[in-house]
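Here the protein sequences come in this chain order: H, D and R. Using the numbering used here, the letters of the first sequence map in sequence onto residues 0 to 171. Using the numbering used here, the letters of the second sequence map in sequence onto residues 0 to 171. Using the numbering used here, the letters of the third sequence map in sequence onto residues 0 to 171.
Just so you know, the hints here were simulated from the structure itself, not pulled from any lab data. Don't take each hint at face value.
Since the list gives no way to pick one copy over another, a pair counts as held whenever it fits inside one copy or between any two copies.
[Said to hold, decoys possible] 27 Å max Cα-Cα, derived DSS-like pairs, lysine-lysine: (1) K170 <-> K113; (2) K150 <-> K170; (3) K26 <-> K49; (4) K171 <-> K47; (5) K170 <-> K20; (6) K49 <-> K113; (7) K171 <-> K113.
It should be emphasised that the depicted structure is a prediction, and the values quoted were computed from it without experimental measurement.
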Amino acid sequence: MPEVIYVTGGARSGKSCYALKLAERYKCRVFLATAEAFDGEMQRRIDKHKQERDERFTTVEEPVYLDKALRALPDGTEVVLVDCLTVWLGNMMHYLGDEAAINERIDALLDVLKNPPCDIIFVSNEVGMGIVPENAMAREFRDLAGTLNRKVAERATQAYLLCSGLPLVLKK
Amino acid sequence: MPEVIYVTGGARSGKSCYALKLAERYKCRVFLATAEAFDGEMQRRIDKHKQERDERFTTVEEPVYLDKALRALPDGTEVVLVDCLTVWLGNMMHYLGDEAAINERIDALLDVLKNPPCDIIFVSNEVGMGIVPENAMAREFRDLAGTLNRKVAERATQAYLLCSGLPLVLKK
Amino acid sequence: MPEVIYVTGGARSGKSCYALKLAERYKCRVFLATAEAFDGEMQRRIDKHKQERDERFTTVEEPVYLDKALRALPDGTEVVLVDCLTVWLGNMMHYLGDEAAINERIDALLDVLKNPPCDIIFVSNEVGMGIVPENAMAREFRDLAGTLNRKVAERATQAYLLCSGLPLVLKK
């Protein structure tokens, strides 16, 4: 049975770095990027992350239909690194809008996890440990992110919380 | 000596779920709800949580005088699940106002913990791991919440931090 | 080789208390305070922390040139407690402004850590586990804080995340 590895943490906590390190032991690697560049700040972040990846990753970009992208990986893929779940959620809120449509996509992802095509490493973000946001959409986002994280972490075979670049084991 | 179990975590991290699971091994259970519905969003949250509880809980509602509610539990109560400390703190800021009156109530709670009437499971929220809030009242709230959490966790016999639905052991 | 101990956590999570406790086993102690009082709220925090420290600390105040302060400790210093890194970062953003100048100071600190003059205990703050701030400067701050924390934690011989006053071991 393939491994499903879940890596979460705060901003700049070393999540992506840690996930990339976990992917090093595989030969045939796919990087599934969920981020789209909406502005210059975002583009700089994407470029920075691209530089940090080595060339042995094939990059696939999919902002919304994560389940379909995971079912259509190149033959021989040993691991896919999905970076990241919260950006994916933000995209779904932007493109799909209502919660029913979002939950449909999440259920489709969880379906893939019942029988993963290869080892999968998910990167997510911890966004719920600050003060309650004043903005209603931000509150909705952090509620949905928390629920999404729990669902994916529940199905993971390994789970880590990164803090200051160091991993705390949530499940192993 | 009764157990005092402290469960904290971010928004939608699975704190209440975990606390409910810990309560499963008891027969005679009380759910001490601190939340009041101020608006529709809050009412929906309360209703969602009520649905998640099974019928073997007796529900008691007390927004402010937690110490008195804990001293007046029905005879035979084996465990009381207090959900949650940060909502209680918010209520105290709203109804009592000044810090002295709030600290009096917190001291009264800590007094109960010196000789608990039964096992107690506290649910709280981690609200201090984001950026410093611009709003002065939010800053005050997170300072008071941090201090309250430390005081209760100090007296706990077990303490857990939930992250993505998974528990990290703080004390056991 | 001297120890470098890194202690992080959210607001009012017990970081400073824990660091002070770690410092108790030393005789000749320096407290290196990075905070400056910009307003009454800040002054009250500083005074509160001063009260919590015992008299066996020599206090040194340095808002920006942490590397120089660490190289100029009194003879015989066994431990220096640096409280805290995120306030230092805020000061650097205020006084130095641009990222290049800030990174120069961070590199100078990391240089000191290659050959520490004595045991060092760093207190920092976890600021990246909330929702993405709407304010661009707050986003910049939390990105820089995350990166700074990773760099210092990487060089630490021990690292702890405080939550509700209780330590989670990140590295030991």
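Against the structure, the hints:
{"no.": "1", "hint": "K170 <-> K113", "result": "within (18 Å within a copy, 34 Å between copies)"}
{"no.": "2", "hint": "K150 <-> K170", "result": "both (14 Å within a copy, 26 Å between copies)"}
{"no.": "3", "hint": "K26 <-> K49", "result": "within (18 Å within a copy, 49 Å between copies)"}
{"no.": "4", "hint": "K171 <-> K47", "result": "neither (30 Å within a copy, 31 Å between copies)"}
{"no.": "5", "hint": "K170 <-> K20", "result": "both (18 Å within a copy, 18 Å between copies)"}
{"no.": "6", "hint": "K49 <-> K113", "result": "neither (30 Å within a copy, 30 Å between copies)"}
{"no.": "7", "hint": "K171 <-> K113", "result": "within (18 Å within a copy, 34 Å between copies)"}
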